[in-house]
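Since the structure of chain A is provided, determine the placement of chain B on it from the hints.
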Amino acid sequence: MTSPLPFDSELAAVWPRLRRFAHALARDSADADDLAQMAAEKAFKSFDQFHPGTRFDSWIFRICRTVWIDTIRSRSRRGAHEAPPEAAESLGHDPTSATEAAIDLGKAMAAMQRLPEEQREVVALILVDGFGYREAAEILDQPIGTVSSRLVRGRQALVAMLGEGG
Amino acid sequence: MNEEELFFAWLDGELEGDEAARVAAQVASDPALQAKAEQHRRLAAQLRGAFDPILKQDVPPSKFGSANVLDFQAQRSEREIRRSSFGVPQWAAMAATLAIGIVAGQFVSNRSGAPIESRDGMLVAAASLDRALDAQLASAEGNGRVRVGLTFRTRAGGICRSFTDDGATGLACREGQDWKVEGLFAAPEGQQGDYRMAAGEDPRLAALIDERIAGEPFDAAAEKAALDNGWR
Chain A
492 MTSPLPFDSE
502 LAAVWPRLRR
512 FAHALARDSA
522 DADDLAQMAA
532 EKAFKSFDQF
542 HPGTRFDSWI
552 FRICRTVWID
562 TIRSRSRRGA
572 HEAPPEAAES
582 LGHDPTSATE
592 AAIDLGKAMA
602 AMQRLPEEQR
612 EVVALILVDG
622 FGYREAAEIL
632 DQPIGTVSSR
642 LVRGRQALVA
652 MLGEGG
Chain B
73 MNEEELFFAW
83 LDGELEGDEA
93 ARVAAQVASD
103 PALQAKAEQH
113 RRLAAQLRGA
123 FDPILKQDVP
133 PSKFGSANVL
143 DFQAQRSERE
153 IRRSSFGVPQ
163 WAAMAATLAI
173 GIVAGQFVSN
183 RSGAPIESRD
193 GMLVAAASLD
203 RALDAQLASA
213 EGNGRVRVGL
223 TFRTRAGGIC
233 RSFTDDGATG
243 LACREGQDWK
253 VEGLFAAPEG
263 QQGDYRMAAG
273 EDPRLAALID
283 ERIAGEPFDA
293 AAEKAALDNG
303 WR
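Protein chains in written order, with my numbering: chain A, 492 to 657; chain B, 73 to 304.
One chain only, chain B, in its complex shape:
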């Protein structure tokens, strides 16, 4: 590298050790080089600032389909499901495509009143959970046991809401008229039944949200508008 290239490599943090120290000393003793460093730092900041809005645009990528590929978490969950006492193969198959941690027996069931049920090969919210996701705002202090946490727009353009219900926390996304449950995790030990636990606190849930969210979660006004618009 020539002197000019060394100067810029130093500016970009690409030099190490003696070489970095030598250029740093050179710049420190030369006001012209200092001004040049400042000028080019500004250029880099201007460029990044100009292109940054692209990162915030809500233009989701195409979906290429990857349902046949399990991610690590799903694989682990599948093992947990297999070890559990479910004994219903269809659950294991379904859970393999979802990020379901520990699914409590009373949670997923086809008996009436269960908060999650199987329909057309999907796990969907039912009963009290469905009603809460349909109508309840995050600010609601309500008497119900379901609490809704974050509501957000996905990169694919849909809407998802996180929830806490009876010692479990999860994520449900609008699918037609249903709330498809895309993740369900048992609350950490000791927090069972603690309804104040903020939805979104569970790191596994946070990872699911991170994978899907476009931009920021809805604020109260956006959440209300989405409710009024039928969660479309």
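Just chain A, same shape as in the assembly:
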């Protein structure tokens, strides 16, 4: 690439994935959309710090994760005890579910919410978005071994929550 695309073009290209990442982190869709929007604004303000030739998606995901830690996460924490108990119960393993049973977004978001935050962000990057371990470790600024062990614990917890399905 010879020159960076305008910010709007870069953002438009990654925006659907950024919203998906935000949904994987946040408690509900309203928080997720706030998070994606705040990440976009913060990225725009610091676009001069983006290095052309590096990955814009990694860069803005990293910003999104920082915003989540700084703001939305504390908002979710404050509201956590208000979550209706049936939301958790509905996550129980359904013995009738077929092996290929699809789960809906609400169920997936609720399951992600029950993961510890450090596992949730790793699962969101690697399992939901498809980043490699190394890219995820760079986004999170953590050693690859830490990412790998958190991913193991996160996916084991999710399998327990979402049903083993055969």
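Quick caveat, the hints were computed from the structure, so don't treat them as lab data. Be careful, since some hints might not be right.
With a straight-line cut-off of 27 Å between C-alpha atoms, the simulated DSSO-like cross-links for lysine-lysine are [claimed, not checked]: (1) B:Lys252 x B:Lys296; (2) B:Lys128 x A:Lys598; (3) B:Lys128 x A:Lys533; (4) B:Lys252 x B:Lys135; (5) B:Lys296 x A:Lys533; (6) B:Lys108 x A:Lys598; (7) A:Lys536 x B:Lys296; (8) B:Lys108 x B:Lys296.
Note that this is a predicted model, so its numbers are computed, not measured.
Using the frame of chain A, we list chain B on its own:
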């Protein structure tokens, strides 16, 4: 990494060479590990399937404004414009903000009847091109020389249509009551005047569409509905 982490790293395609081969052999000889691999592949597919609808939602990002930043294609186009015989500085300035490839002299003009004209600092469709974009469906075989290709909703919520007209292909987007021309490219050599050329075939045009489109292009019914609704 411990054995558990190695297993999952293998599952995620993160291992290479001997290490990958060793875990693969281990899994192949152990039905319990095979079942576990299957279980976790399913989990990953379930998760992706659950979050995938977000990707398809038509929620456009905010526009932060980047008109002062040229993309590569626009820069190249600007050079082409400068080399051309236009000699009208305002065209060069305008073209710099657009993805205009080679603009034929007869195309853009303020003389009456030209298909594209300058208005309020924008290039807008006029005459036959404006009429076709307003009223013509992609399915129309019409006698006119303008053919309309794809119609689609942009991420910003507007509507754009691609067109082919007299050896050029381009993209126009609804702006109030006008069709603002956001790209115009000369047809490849040898296809000049070939009205059957599908709009959207030109890779430069395809790139413009890719940058803007939200979801899929309109089908015939959606296109008709958009026409009836005044392209809003």
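How the hints compare with the structure:
1. B:Lys252 x B:Lys296: Holds. Lys252 of chain B to Lys296 of chain B sits at ~20 Å (cutoff 27 Å).
2. B:Lys128 x A:Lys598: With a Cα-Cα distance of about 18 Å, the restraint between Lys128 of chain B and Lys598 of chain A holds, given a limit of 27 Å.
3. B:Lys128 x A:Lys533: holds (24 Å)
4. B:Lys252 x B:Lys135: Distance of about 18 Å is within 27 Å: holds.
5. B:Lys296 x A:Lys533: violated (40 Å)
6. B:Lys108 x A:Lys598: holds (22 Å)
7. A:Lys536 x B:Lys296: Given pair Lys536 of chain A, Lys296 of chain B is violated - Cα atoms ~41 Å apart, limit 27 Å.
8. B:Lys108 x B:Lys296: violated (51 Å)
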